[in-house]
Amino acid sequence: MTLPDAGKTAQPEVGAELSMLVDIGSAWTKAAIVARSRGRWRIVSQVAQPSAWGEADLRSALVARLDGVVDRRVASRIGELLQTAPRIACHTPRRVGRIGLAGVSGELSGASARRAAESAGWTVTEAATADDGRSLTARLAALQAADVDAWLISGGFDGGRADQALEMAGLVATARSGSRQPVIWAGSADLAAEVSALFEEGAVQVVDNPRPDATHEQPIPLRHELEELLQRMVEPGGVRQLTPVSFRRAIAELARSTMRSVLGVDLGARYLTWVRSDETGDAESRVFASGGLASPALLASGGSARLARLLPMALDELAVADALRNLNARPATLPQTDDELAVTHAAARHLLSQAAAEGSITEGLDLLIGSGRTLAAAPRPAQAAQLLLDGIRPLGITELAIDTAGALPPIGALEDGEIGEGMGVLRDDLLVPLGVAVVPRGGRAGQVTMRVSVHRIGWPDEGPIDVRHGQVTVLPLGRGQSAELDIELGASVSLGGPRSGRQVHATVTGGTVGLILDARDVPLAAPRRTDDRRAVLAAWHDAFLREPTSTLVGNR
Amino acid sequence: MTQPTLHRVHVPRGASAVVSVGSEVRPDDVLAHHRRPQAPQRVPMTGPLRVSPPEVAALLVARPGAMLEVGDPIARSAEGRQVVAPVAGLLLGISGADGSALLAPLGPEEPVIGHVRGRVQSIEPGGINVDVPGALVRGVGGTGAAVHGELVVAVHDPGEELRAGAIDVGATGKIVVGGSRASAETLTRARAMGVAGIVLGGVLDKELRDFEAIQRRRREVGGLSGSFGVLLLEGFGKVGIDPQRFGWLKGHAGSMASLFGADGLLYVYDAEVAPGRRTLPRVGERVIAHRRPFQGRAGVLVAELDDLHATPSGIQARMGLVRFEDGRLAPVPLANLEATLPVPPA
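So the sequences go chain by chain: Z and H.
Counting the first sequence from 1 gives a position; the numbering used here is that position plus 83.
Counting the second sequence from 1 gives a position; the numbering used here is that position plus 1012.
The hints are simulated quantities; they were obtained by calculation from the structure and are not laboratory data.
One or more hints might be untrue.
As the list claims (entries may be wrong) - Result set (DMTMM-like, lysine to aspartate or glutamate): computed pairs, CA atoms no more than 20 Å apart in a straight line:
#: 1; chain 1: H; residue 1: Lys1262; chain 2: H; residue 2: Glu1173
#: 2; chain 1: H; residue 1: Lys1218; chain 2: Z; residue 2: Asp399
#: 3; chain 1: H; residue 1: Lys1218; chain 2: Z; residue 2: Asp422
Said to hold, decoys possible - Restraint-style ranges between C-beta atoms, simulated for each label pair:
#: 4; chain 1: H; residue 1: Val1312; chain 2: Z; residue 2: Ala221; range: 30 to 40 Å
#: 5; chain 1: H; residue 1: Pro1305; chain 2: Z; residue 2: Ala147; range: 20 to 30 Å
#: 6; chain 1: Z; residue 1: Gly189; chain 2: H; residue 2: Gln1053; range: 21 to 31 Å
Unchecked claim - Computed footprint of chain Z on chain H; a stretch qualifies when at least three of its residues, placed anywhere within it, have a C-beta under 8 Å from a C-beta of chain Z:
#: 7; region: 1021 to 1028
#: 8; region: 1075 to 1082
#: 9; region: 1098 to 1108
#: 10; region: 1154 to 1165
#: 11; region: 1300 to 1306
#: 12; region: 1319 to 1330
Using N, Cα and C, we set each Cβ at its ideal position, and we do this for glycine too.
Start from the sequences and build out the full structure, keeping to the hints where you can.
The following block contains the structure:
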């Protein structure tokens, strides 16, 4: 007698250990599959696609990427396995927090309050200041017409009374009449009680003045209060899964576990998130509500002209304006031509430099990480490196990396104790190292800014390489390769921080781009004359994109 | 017939609705009345209350935003001294300089016109929601106020530019469907001729800014009357209206429509569903391309390419092969394509 399956060896069903990391952005969704391969957890597949395409297509795309590389025993079931795989996800806030602003001075208190609100992730729907040239009733009409979730009032220096501050608070109280939106008073401490008396009891939250006097700005307490308020209002169920929050947590853990000072920038369609963490994991983050590539801020008057000046090619300002408008209208589309890519990259550089200019410290960094599709999925890694360097100008010797898989934000959405573990198991795949940049400040046109000698074990020494002011040179230094650098700085040149001497020695590690010797000064110095500037920008662009040549070809 | 679309008519805070839930409204109906505060009158407080300016706020018995009648108390001291409203008006607050109360008499009633036809579904602070029985066409941008009028088509071809000469007195009070662009001069002339609104495939950002600047200047000198809106359907630059959409609009010439330029919306009343759009087109579907170099061109997606392919800019993307209506065959990132959905048969 023969049993139906006699002669066949019973095959136990082979399983697979998989997880999905998903970052759902306002325009693009990034997803990665993490799987155990030869005993180690690796990122085995990744995709990015417009968020509007939905979850089912995301899974199909991931399955398609695994075709041919996955174990044959599970190949037919990979879609089903993915559907049931643990999913670690984060997302951009589902709706924008809208705030109405009233201040005394557009240049001082109003500007400080606006910066604090925007860097905390709010969108300023209406701003009225006592010096905006409108009548009291016109200001009231504008505030009454504004559709907002909360109000922010500022004005007056500490220790003094700003007469108009009370009037502006009265206008907000009138405009808000009948509703229960929260109100923050961030002005002169002396006026706090009077302002609070204009509203119902408990309506006003008093926060430290971001502009305590004419010369100082102290935005952090206000920013923190606004961040907490936004999180309470927009995501009352919890904020760990919000990308700006999870990105901050991931960067903080990365800094703590590697004992390095890290700056992470996540440039998305709607937001720019800027996180700086010291070696202990103490992180400070800013979420720029108007910092994304599709933000209306880029469309403001003069925006296209400003970006046209950043282009390495002659492109009509009108074409730049139309490209920006189309990017704003359809943020999930891709720049298909070189011109449109150049406009997108110019916009990215501009937004990064704006964020850097708003009081963020960009020196003394050990590692600079770029995240978000424009940075992490630039056609060539050298373009990502140039975007980071042009936009942020990290003074000193800084490693550069990109979050190609978009894995950092989802990992930051894990529980506190699990983030480090997640990073530990994915340490080889989490970031793509671009290399290291040496960015000094100072120097004079035509003179040598730095003279660099490169020593690598097993390789002939390179250099000394003279890098003149305004020049950028890229040398090959592959991923995982280490090199010793001897840097001699020119007169009046500094690498910032504690490196005050003219002789600097450093050990650096390479990446897909290599060693970037960037003597273009901080901030970036480009010629004013259009033709000269364009030629210089094109030369910088070429220097990054040219295949790095071993020693000194053309550098002496 | 299409299902009604919920449209929110924004009303200023403090306005009072004159319609109720369930009311049928027409585009030119007044939905609410709003009275703007006039220049405020200063009511002395420190003298009558015998306090210093910083003490006034704590003694207020009416809060800013309160509507006061003559004789209503504004503030009262612990000793029973009281300041009352000398005129009826809206309390705007107190002056930090001298502690006086700012009381603004209200101006005449101003109507809030909805510019939509339909049934009032709900009324809430800041807005009145109306179920609109019309087909909704969403654009990608625009400018100007809400307007309504009869739909007319002023070009023969969806790729044709709308010229100033195509606009005459016959277009007064109407919503004119143009083609691929219109200059600032054309838009200015249209407004001057009393055209209610313009629907275009695209417009150059500069032309739109120039037009807005002209309007701003005219408003400042007080030479502007009536409302005018512009709606862009496809994108910025010279971009023709998708022929399918253009055909649909042409088929509804003569219908009443409401245009919301700043919100990028057009309602065409009593029309069947407008040609829709869907991201991620399937092979065989009719598509419209966005972004240069194929912006605004229609075709058919004939294949989806395996694996990722680089665009001319170098970006790796999922690509589709599109046979454009001019016969060209070109690879285009799927992210830059939308399927244009046919109008279901009535």
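Hints, one by one, checked against the model:
1. H:Lys1262 <-> H:Glu1173: With a Cα-Cα distance of about 16 Å, the restraint between Lys1262 of chain H and Glu1173 of chain H holds, given a limit of 20 Å.
2. H:Lys1218 <-> Z:Asp399: holds (12 Å)
3. H:Lys1218 <-> Z:Asp422: holds (18 Å)
4. H:Val1312 <-> Z:Ala221: 30 to 40 Å: violated (53 Å)
5. H:Pro1305 <-> Z:Ala147: 20 to 30 Å: Holds: the Cβ-Cβ distance is about 28 Å, inside 20 to 30 Å.
6. Z:Gly189 <-> H:Gln1053: 21 to 31 Å: Once the Cβ atoms are compared, 27 Å apart, the range 21 to 31 Å for Gln1053 of chain H and Gly189 of chain Z holds.
7. 1021 to 1028: Answer holds; 4 residues pass the 8 Å Cβ test.
8. 1075 to 1082: holds (count 4)
9. 1098 to 1108: holds (count 7)
10. 1154 to 1165: violated (count 0)
11. 1300 to 1306: holds (count 5)
12. 1319 to 1330: holds (count 9)
Checked against the numbered hints given earlier, the structure breaks hints 4 and 10 and satisfies all the rest.
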